[in-house]
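Asker: The listed protein sequences correspond, in order, to chains V and D.
Each residue of the first sequence is one higher than the last, beginning at 1 in the working numbering.
Each residue of the second sequence is one higher than the last, beginning at 1 in the working numbering.
Treat the hints loosely; a few may be bogus.
The list makes no distinction among identical chains, and a pair is therefore deemed to hold if it is satisfied within one copy or across any two copies.
Straight-line C-alpha distance at most 16 Å; calculated EDC-like pairs for lysine to aspartate or glutamate [to be verified]: (1) 56 - 270; (2) 305 - 5; (3) 56 - 5; (4) 193 - 236.
Calculated directly from the structure, the hints in this document are not laboratory data.
Quick caveat: nothing in here was measured; it's all calculated off a predicted structure.
Number of protein chains: 2
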Amino acid sequence: MALIEPRTLKGFRDYLPEQMIPREALIDTARRVFRSYGFLPIDTPALEYEEILTGKGGEETDKQLYRFEDQGGRKVAMRFDLTVPLARFVAQHSGELGLPFKRYHIATVWRGESPQRGRYREFMQCDFDTIGTESVVSDIETVLVIHDLLRAIGFEKFTIRINHRQYLMILLEILGFSSQQTEVLRVLDKRDKIGVEGVRSALTEIGFAEEKARELILHVDAASIDPGGMKDPRLELQKRRLHEVREAVLAAGVHKDRVRVDHSIARGLDYYTGIVFETQLDDLAGIGSVCSGGRYDNLANLYTKEKLPGVGASLGLDRLLAAMEELGIGEKRGSTAPVFLPYFDEGHLADYLRLAARLRAAGIGVELYPDCKKLGAQLKYADRRGFRFALVLGEDEWKSGRCQIKDLGTGATRSVALDGASGALSPDLLAALR
Amino acid sequence: MALIEPRTLKGFRDYLPEQMIPREALIDTARRVFRSYGFLPIDTPALEYEEILTGKGGEETDKQLYRFEDQGGRKVAMRFDLTVPLARFVAQHSGELGLPFKRYHIATVWRGESPQRGRYREFMQCDFDTIGTESVVSDIETVLVIHDLLRAIGFEKFTIRINHRQYLMILLEILGFSSQQTEVLRVLDKRDKIGVEGVRSALTEIGFAEEKARELILHVDAASIDPGGMKDPRLELQKRRLHEVREAVLAAGVHKDRVRVDHSIARGLDYYTGIVFETQLDDLAGIGSVCSGGRYDNLANLYTKEKLPGVGASLGLDRLLAAMEELGIGEKRGSTAPVFLPYFDEGHLADYLRLAARLRAAGIGVELYPDCKKLGAQLKYADRRGFRFALVLGEDEWKSGRCQIKDLGTGATRSVALDGASGALSPDLLAALR
Chain V
1 MALIEPRTLK GFRDYLPEQM IPREALIDTA RRVFRSYGFL PIDTPALEYE EILTGKGGEE
61 TDKQLYRFED QGGRKVAMRF DLTVPLARFV AQHSGELGLP FKRYHIATVW RGESPQRGRY
121 REFMQCDFDT IGTESVVSDI ETVLVIHDLL RAIGFEKFTI RINHRQYLMI LLEILGFSSQ
181 QTEVLRVLDK RDKIGVEGVR SALTEIGFAE EKARELILHV DAASIDPGGM KDPRLELQKR
241 RLHEVREAVL AAGVHKDRVR VDHSIARGLD YYTGIVFETQ LDDLAGIGSV CSGGRYDNLA
301 NLYTKEKLPG VGASLGLDRL LAAMEELGIG EKRGSTAPVF LPYFDEGHLA DYLRLAARLR
361 AAGIGVELYP DCKKLGAQLK YADRRGFRFA LVLGEDEWKS GRCQIKDLGT GATRSVALDG
421 ASGALSPDLL AALR
Chain D
1 MALIEPRTLK GFRDYLPEQM IPREALIDTA RRVFRSYGFL PIDTPALEYE EILTGKGGEE
61 TDKQLYRFED QGGRKVAMRF DLTVPLARFV AQHSGELGLP FKRYHIATVW RGESPQRGRY
121 REFMQCDFDT IGTESVVSDI ETVLVIHDLL RAIGFEKFTI RINHRQYLMI LLEILGFSSQ
181 QTEVLRVLDK RDKIGVEGVR SALTEIGFAE EKARELILHV DAASIDPGGM KDPRLELQKR
241 RLHEVREAVL AAGVHKDRVR VDHSIARGLD YYTGIVFETQ LDDLAGIGSV CSGGRYDNLA
301 NLYTKEKLPG VGASLGLDRL LAAMEELGIG EKRGSTAPVF LPYFDEGHLA DYLRLAARLR
361 AAGIGVELYP DCKKLGAQLK YADRRGFRFA LVLGEDEWKS GRCQIKDLGT GATRSVALDG
421 ASGALSPDLL AALR
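Okay, chain V solo, but in the shape it has when bound (with noise of 0.2 Å):
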C-alpha cells in the first residue's frame, strides 16, 4: 500500500509540545486576570450560516472567508474572528445573559490569506468584552485588565497608550476632511512604520494640502503636548476626559509610565466610536501592538434592534509567545511533570507504581518511563524532555528505603529517605522536589 504524505495545509501550524507548553500557560494567565475581574467565558460554532458572517469585515476579509456547502446544502463558513460571532451571540441570547454582561471568548479562527510574513490562516484569538454599558468605568477596568494581563505574563515595560475616536473626528471636521476619515485613519495606523515624514507625505497624497497635513500632525503627535492655535472646546473636552480615564488607572495602582495618551492612535476599524487602546512592549516596539481595542456604541445593529453599546479588547497571542520567546520571559521546560522515575529493576514495579501514585497525591507529577531499560538511556531520555528531577531507585534502595534525588539541571545527586517517621513520604523528600 503506498503511504500518504503526512503533512500540514499552507499556513496551518502543528503545535509540538514544546510551542504548546507556553501557549498553555499563557492562555491560562489570561483566563485568570480575565476571571479576576469577573469576565465570564462563552464559546460559538466555528460554523456559521454565512450570510452571519459576510460583510461584516469588509471586502478583505470576504474573500478569505473560507465557505462551502454543508451536506444539506446549507451555506456555511467558518468564522474569521470572534466579535462578529459575539454581536450574533449577544442578539440571540440577550434575554438570558442579563447586562452588563462581561465576556472572555478564546478560540481559533480562520482566514484563508497568504501566508507570507508569519500571518497564518488558523490561529488563536483572546477577547474579553463589558458590553451593555456606555460608563467610563469599564473604559478604565479595560485598560486595568491589559495592565494586569501583561504583569501577570511577566512584562515589566509597556506602555498602553489611549486616545478617543471622537478626538480624530473632530481634528478631522475642523480641518475640512471629514469625508475621507477611513483613509486618514488608515494613515495613521502606520505611523509606527513610515514614521512622521511618511504620515505628511501619505496624507498630501491622498488630498491634503501641505499646511493641513502639518496641522493634523501637530494635533496627533505625542511630541507636542499642548499645539496650542487651535483652542476648540470640543477638542478639549476630549482630552480632559481621556486625562480622567489616565488619572483612574494610575488611582488603581497602574504606574504612570504605563499608560499614555496618545492622539496617534486611530484603530482603523470603522466600528470604534469611543477610546481605543494600543499597548506596546517597549523592548520590542517593532513587533506592534500586543493589545488592542477600543469602545463601540452599537455591537449587534445587524441582527437586533436593541442597542448594545461596549468597551473590550483583544490580546495577540502569536506576539506575545513571540515577544516572550525573544526576551525570555516564562518559564522554558518541555516537561509538564517535575519528576521522572526510571523503571530499571522489574520486581518492584508495584513499588515504582505506589510511589509515583503517592507523589502525585501530595501534588507532585512524576512521570515513570514504561519501559525496563537501562537506567543511562531512560536518563537521557527524561533531560531530553527537560524533567527536574530523577528519582532513581533500584535494588539496593527499594531495600534501604531511601532513594538517590538526582537534579538534572546540575547533575547533583543526594540520598534521602522515601518514608517519614509516620510512613508518609518523608519531608525531605517532598521538600526536595517541590
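Once you've looked at the hints, dock chain D against the given chain V.
Answerer: The following block gives chain D in isolation, referenced to the frame of chain V:
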C-alpha cells in the same frame, strides 16, 4: 436595513457562561491529571488535506466529513476525531518528538451526522495516548489516569472494565467465527443496551448456531467467572495478563471495586489489538461509557513505515458534564469572581478601583459594577450572576473605614474593617472573603 436573524446551525451550540464555566473546570481537571503523569499537550489544525482524513474512520465517517475546496483549489476537510490527526502528526514529526511520546489533545471535531438524540455536529474530544512502547506499564498507567480523572472530577462510584482483544479473537477462532469478527464485536458492543438475550438472538441472526452463541456468551459474560469446559491455554494466558494489569492498578492504591475484568468489552473499532477499556458510572450506567480506549499496535501505518504501537483513551466530556449535572457534582456558580463590589457613591470611584485592585492582588477576584445605580438594582444583578459576597461601601463606609460584607447565599451581613494595623487589607476582610 433588514435585520439578519441571529441563529446557529442545526447540530451546533453556543456555550453560555453557565455551560462554559463547568466545561472549563472539567478541562482544567483533565489537564491537571494528564500533566501529573507527564503527558504533553499538542494541537493540530482543524483543516487537513482531505486525503489525510478520508477512509480512516470507515464509510460512515467519510459521509459525515465536512469537506470542500479552499481558495487555492486544495481539497480540504475538517477533522472528525483526534486519532487520525495524531497519526499524521507523529508520522510527520517523529524525529523531533522522541519515543515514548505521551500526549494529550483537547480540541473540537466536526461530524455532519444527523443531529438527533442529543448528538452534535461539533463537539470536543479529550484524548491521551502513550506512543512508541508495548510495555504493560503504559496499559496500567492508562487505567490509573482514567481512575484519577474521575476521582478528581468528584465521582466516587465508577467501574473501569478491561478486556483484551486477543481474548475475543482467540475465542472466535475456537468457535469457528474468525471470519465474522467485526460483526460479532459490534453485537457485543451493544450488550448493555440489548441484554444477554438480545446478544444471543443477534448472534444467531448473523449465522451463529444457538449452541455456539450460548458458548460465546458464557465466555464473555462477566457473571460467569469460570465457565469451565474450554480450557484453552491461550485464553488462560490472556486472562492472566488482564488480572496482572488489575493487580498492578490495585497496588497503586485503586479500590478493588473500581476495576473489573469483563470479557464482553469489545470496542468495535478494528484499530484496537490489545487491552481495551470502558468506564461506567455506577449510578448512571445508562449514559454509557464515559472514558474508553485501548491498545493498538500500529498507529500511523498509513503515513509511515515506522511501526508505532500505543495505548490511550478518550474522555467523553459531554457525557461527563451531563452526569455531573445529574448527580450534582462540581460547584455550580454563574460568576467567575467571588466578590461583587457595587458602585453607588460616584465621588469615590478611585477608591472603589483601588480596593478592587488590592483584593485582586491578594488573589480575590472582584467585579466592580460599572454604572452608579441604586444599590438594590446592583444587588439584584449580583444575585442573578451568583456571586458569593457583596462588599458594600457607601459614603458612610468610606468615611468610617469599615465595609459591609453581605453573604449572597444566606443574606447575612457583617461589618469588617477595611485596613488592618499594618495598613494592608485587614485580615478579617481577607478571611471573610476566602
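Asker: Compare the structure with the hints numbered earlier in the document and write down the numbers of the violated ones, lowest to highest.
Answerer: 4
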